[in-house]
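Chemist: As a plain string of letters, each chain reads:
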Amino acid sequence: WESFLPSQVLVQPVQLICLYAPAYHLILEGILILWIIRLLFSKTYKLQERSDLTPKEKEELIEEWQPEPLVPPVPKDHPALNYNVVSGPPTHIITVNGKECINFASFNFLGLLDNEKVKSAAQASLKKYGVGTCGPRGFYGTFDVHLELEERLAKFMRTEEAIIYSYGFATIASAIPAYSKRGDIVFVDEAACFAIQKGLQASRSNIKLFKHNDMADLERLLKEQETEDQKNPRKARVTRRFIVVEGLYMNTGDVCPLPELIKLKYKYKVRIFLEESLSFGVLGEHGRGITEHFGINIDDIDLISANMENSLASIGGFCCGRSFIIDHQRLSGQGYCFSASLPPLLAAAAIEALNIMEDNPDIFQTLRAKCERIHELLQGISGLKVVGESFSPALHLQLEESCGSRENDVKLLKRVVDYCMNSGIALTQARYLEKEEKCLPPPSIRVVVTVEQTEQELDKAASLLKEAAQSVLN
Amino acid sequence: MLVAVLTYVGYGVLTLFGYLRDFMRQWKIEKCQNATEREEQKDFVPLYQDFENFYNRNLYMRIRDSWNRPICSVPGAKVDMMERVSHDYNWTFTYTGRVIKDIINMGSYNYLGFAQKAGTCQEAAAKVLSQYGAGVCSTRQEMGNLDKHEELEKLVARFLGVESAMAYGMGFATNSMNIPALVGKGCLILSDELNHASLVLGARLSGATIRIFKHNNMQSLEKLLKDAIVHGQPRTRRPWKKILILVEGIYSMEGSIVRLPEVIALKKKYKSYLYLDEAHSIGALGPSGRGVVEYFGLSPEDVDVMMGTFTKSFGAAGGYIGGKKELIDYLRTYSHSAVYATSLSPPVVEQIITSMKCIMGEDGTNVGKARVQQLAENTRYFRRRLKEMGFIIYGNEDSPVVPLMLYMPAKIGAFGREMLKRNIGVVVVGFPATPIIESRARFCLSAAHTKEMLDTALKEINEVGDLLQLKYSRHRLVPLLDRPFDETTYEETED
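Read top to bottom, the protein sequences are chains A and B.
According to our numbering, the first sequence is numbered sequentially starting from 1.
According to our numbering, the second sequence is numbered sequentially starting from 1001.
To be clear, the hints were calculated from the coordinates, so they are not data collected in a lab.
Where a beta carbon is used, it is the ideal one built from N, C-alpha and C, also for glycine.
Any given hint could be a false lead.
[To be verified] Quick list of in silico lysine-lysine cross-link-like pairs, DSSO-like style, CA-CA up to 30 Å:
#1 LYS1154(B) to LYS414(A)
#2 LYS1324(B) to LYS414(A)
#3 LYS128(A) to LYS1369(B)
#4 LYS181(A) to LYS1042(B)
#5 LYS1028(B) to LYS235(A)
#6 LYS76(A) to LYS1271(B)
#7 LYS1241(B) to LYS76(A)
#8 LYS99(A) to LYS1127(B)
#9 LYS263(A) to LYS181(A)
#10 LYS438(A) to LYS1185(B)
#11 LYS1042(B) to LYS223(A)
#12 LYS76(A) to LYS1325(B)
#13 LYS1154(B) to LYS1267(B)
#14 LYS128(A) to LYS1451(B)
[Said to hold, decoys possible] The following residues of chain B were derived to be distant from chain A, with all beta-carbon distances above 12 Å:
#15 VAL1005
#16 THR1007
#17 HIS1215
#18 ASN1216
#19 SER1299
#20 ASP1363
#21 ALA1376
#22 MET1405
#23 GLU1438
#24 GLN1469
Please take these sequences and the hints and turn them into a complete structure.
Modeler: See the structure below:
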C-alpha cells in the first residue's frame, strides 16, 4: 500500500524531473510560477483611470456642470408659431381668423367631411358605444365596427386582409419597422413624406435614396446591390429588400411609375411597399388608387398603406395586402399593439364614407375634371409655377425664382397667402420641419381641390392668385 | 422556488412540442395552416425568419383566444362580447352570431367610468359631431387648428396646474414624436427599465444616448446621473448637453407608482430634466384626480414635461403635453405631430372637455369627485381582499392596476378561459410583455364597478384560484373582523 500513497505518486515524478532537467530550466520555471502567483494576487489594472478622481473633485464637477435649457427660445414672430384659428367646421366654407373663406387648404377631396349620412352613421355609433375604446386591440379594444371596417376595406381594395391603425401618421411609421430590421436594405424615393422617413429611422435598416421618380437611378442602385450580393451570397440570402414609394407624392404632386417598378421588382427580387395616402379615393376609376389607375394586379404589390384622413374624412389609417403579410403586423406593429384602438364613431364614419364611395363612382371623374381645370387656370401666373400632375388634387405653387434665402421666400409666400385670405380664399403654405427632413422641398403654397368647389369658385381662386402674385411679387 | 422550476419545465415541454410539430409540418406529416408566400415570389428572400415565428406558431397560437376578444357594446363596467369558436385549435375563428351579455369587464382602462353611451358627455359630443363632422383633414399648422382645440388646451393647462398645454391625436404618437423634438444627439436619456414601448421608441428616434436604470431604484438612478456628469459623453468626454429622465406615473404591467419625491430631489440636485408619462395615473390618483403629482402633494412646476393620455380616465383618445410656456411654444413650432399629423377629431375633443370639467367639478355637480373617491375605495377593497385570499399581487396599494401572478404558461390560457366561463373578462399577459417566468393576469379597476360586481368577481377569482392552485402567497393576512369589537371577542382571543 505504501507505494500508492499520494505523496509517493507526486514525489517520484518530481524527483525524476529534478534529476534530468538542466538547472537553468528549473530556475526559469520557478520564476514563472512566482510571477503567476503575483499576478493572481495583484489588483486588476483598468484601462480608464476611474479611481483617479476623488469624491471632492466629483462634487466639484457636478457643481460646475450647466446643462442647456430644455428648449431654446422661439422668436415671437416665427411663422409656424401663430396658428390660423378655424372657428366652426373646416368644410367648404370655412371661417379662418374670423373671416369667411372658400376652403382650398383642407384635404377633404370628396367633400365627405360635411356629409349628413356620414354624420348620422357616426351619431348612431356614438349612441351605441360612447366615444373612446379604453384599451388596445388585444385587451377588449376590438369592436365589431373595427372588424367590419377591416373587412370592407379589404373587399374594396380587393385584397385578402386589412388592418386598421388609430392614427394616420403611425400607420406607415409602424408598418415599415415590422418587416424591415437592422441589416435589411430599403430603396426609397427622395421625395418620400416624413412618416415614411420616421418609419425607416425606427427600422434601423440601410436606406438608399434614389432620385425622385428616376427609374434609371433606382436600377443603378439595384445593380450595385446585386454585385455586392455576389461577393457575399450567404449574407444576401437573408437580407430582405424593399422599395418604398408613394402613389401620389405629397411633396411634389406627381405619381410614381408603377409599371416600371413592378418590372424591377421581379427582375431584382425586391418587395414593394406602396403608400397611398393621397391617391386612395382619388385615382382610378372606382377610387381604388394607383393600382387601378395603371391597371396593375393588386397582388403584385406586397403592402398598400393609406390614411383615412384625406378622402374618407375620418381619422386613422389602414394597411391592406395578403394575409401572409398583414397578419404579421397584428403582433409586431408598434402603433397597433401598444396603442388604443380607433374610436368606434370614427370607424363608423369611415364605413359610411366607403359606402358613399362605392355607390357614387362618378365623383372621381368629377374631381379629376376639376383638378384639370384649376391646373390649366393656374398656368401662366407670373412669378409662380405649378408643381404637380394635372389630375392631382393637391398641387404646390412654388416661386419661379427664389430670392436668395428660404426665410425670405417663406415671407413672400406668406404675403401672397394673406392677400388671398383677405379676399375670401383660404390657402396655406406647405409646412415642413426644416432641420429634420432628408430632402427639404422648396417653400410652396398648397392648393387643394375638392369635389364641392364650383367652377366659379375655381375661377375666382385662380384670378385672385394672379392678382396676388402681381401685387406681391412685382 | 418550486414554482420557478415548474414554470421553466412547462416552457421546456412546450418548446419541445414546438420543435416536434415544426418538424412534422416541414415533412408534411401535419398540415401547415399558416398563410404562405405567393407562388411567383417563392424565390424572393423570405420575409420572416423561421425562428422569429417559433414563439408565435407554437406558444401564442395555443392560447390565442384570450386576446383580441371582440366586444359589441360600450366598454363600461359590464360589456357584451361576441361569441367565437375555433374548430382548428385557434388557427381560425368563426363567430357563432351569439352575444355573451353582461360580462364584468376587468380589462378595459376605464378608471373613472367615463366610457358611457348616455349622459352629459355623450350628448355634448353628439352636438359637436353634428356641427363639426368627424374628421379634420388637415394638420395643426396648416388648416387644422380649430377653436375647439384652443379651448381644450387652455382647459388641460388649468386642470394640470401648468402654464400651457398642447394636445395631440394619439397617445403613443405623443411620446414618439415629441421626445425627438426635445432631445437629440449629444444628450442623455435615463429611462426606467419597464418603460412603455412609446417612450422607448421616442428615445430611440431622438438619437440621444440611452441608459437604463433599474425599475424605481433611486440608487441606480443616482449612480447613473453621477457617472454621466462626471465622465461626460462616452468617448469624447465632452459634457452632456442635457439629461432627460423618463419615468411613468403608474407602470401598467407592474401596478407600481413612481417614487416621485425622490426623483424630483435627484433631478434638482443634478440639474436634469424630468419627463413624466401619466398615461395611467392622470385621473386615477390624487384626491381630486390630478395625477401622481397631486398624490404626492408636490407642485407641478417641478416636473418639466408632464405628458399624459386621454384614453384611459377620460374615455376619449389622444395625448397631451403640459409645461412652461416656452416649452409648449417650442413644441407648437417643432413637434413632428403639429407639422405632419392630423389634429384631434372634434367630438373626441368635446368628450375630453366635458369629462375634464366633470372631474374638476366645474359642471356644478359632485359627480367627478364622487367617481375619484369611488375608484380609490374600489382599489383598496379589491387589493385587500385578493391579498387575504392568498394571491401574489404586485404594485402599490393605491394603484388601480392590479397584477395577479400566474407564473406558469398553462395557467395563462386556463385562467382567461375559466374566468370567461364565469362571465368575467380579464386580461392575461405573458412573454414578451413580461419576463418569461412572470406571466400575470391584470385587473383594471373602475369607478363604474359597484361593490356587488367586485364581490362577484372576487368570489369567482377565489374559485378559479383554488381550481388552478394560484394562491402562492406564503403571507396570510388575517381577515378583518366584520363584527364590531366587543367584550366577548376580546376574551376569546385572550386564550
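Chemist: Each hint: holds or not?
Modeler: Hint by hint, here is what the structure shows:
1. Our distance criterion of 30 Å between C-alpha atoms is met by LYS1154(B) and LYS414(A), whose separation comes to about 28 Å.
2. For the hint linking LYS1324(B) to LYS414(A), the alpha-carbon distance of about 29 Å falls within 30 Å, and the restraint holds.
3. A threshold of 30 Å between alpha carbons decides the hint, and for LYS128(A) with LYS1369(B) the separation of about 26 Å falls inside it, so the pair holds.
4. With a C-alpha separation of about 20 Å, the suggested pair LYS181(A) and LYS1042(B) falls inside the 30 Å cut-off, and the hint holds.
5. About 28 Å separates the Cα atoms of LYS1028(B) and LYS235(A), which keeps this hinted pair within 30 Å; it holds.
6. This hinted pair checks out: LYS76(A) and LYS1271(B) have alpha carbons roughly 27 Å apart, not beyond 30 Å.
7. Restraint check for LYS1241(B) and LYS76(A): the C-alpha separation of about 25 Å stays at or below 30 Å, so the hint holds.
8. Pair hint LYS99(A) plus LYS1127(B) holds up; C-alpha atoms about 24 Å apart against a cutoff of 30 Å.
9. With a C-alpha separation of about 25 Å, the suggested pairing of LYS263(A) with LYS181(A) holds against the 30 Å cut-off.
10. For a cut-off of 30 Å, the pair hint linking LYS438(A) to LYS1185(B) stands: about 16 Å separates their Cα positions.
11. About 21 Å separates the Cα atoms of LYS1042(B) and LYS223(A), which keeps this hinted pair within 30 Å; it holds.
12. Of the supplied pair hints, the one linking LYS76(A) and LYS1325(B) holds, its CA atoms being roughly 12 Å apart against a limit of 30 Å.
13. Annotation: proposed proximity of LYS1154(B) to LYS1267(B) holds, straight-line Cα distance about 28 Å (limit 30 Å).
14. This hinted pair checks out: LYS128(A) and LYS1451(B) have alpha carbons roughly 25 Å apart, not beyond 30 Å.
15. The Cβ of VAL1005(B) lies farther than 12 Å from every Cβ of chain A, with a closest approach of about 29 Å, so its non-interface assignment holds.
16. Consistency note on THR1007(B): stated as away from chain A, and its beta-carbon is indeed over 12 Å from all of that chain's, at 22 Å minimum.
17. The Cβ of HIS1215(B) lies farther than 12 Å from every Cβ of chain A, with a closest approach of about 18 Å, so its non-interface assignment holds.
18. With a least beta-carbon separation of about 21 Å from chain A, ASN1216(B) lies farther than 12 Å from that chain, consistent with its non-interface assignment.
19. A cut-off of 12 Å between C-beta atoms confirms that SER1299(B) is not in contact with chain A; the least separation is 17 Å.
20. In this structure ASP1363(B) is separated from chain A by more than 12 Å, as the shortest Cβ-Cβ distance comes to about 17 Å.
21. At the 12 Å boundary, the C-beta of ALA1376(B) stays outside the reach of chain A, the nearest C-beta of that chain being 19 Å off.
22. Under the 12 Å C-beta cut-off, the non-interface status given to MET1405(B) relative to chain A holds; the minimum distance is some 18 Å.
23. Non-interface call for GLU1438(B) relative to chain A: holds, since the shortest CB-CB distance, roughly 18 Å, exceeds 12 Å.
24. The Cβ of GLN1469(B) lies farther than 12 Å from every Cβ of chain A, with a closest approach of about 25 Å, so its non-interface assignment holds.
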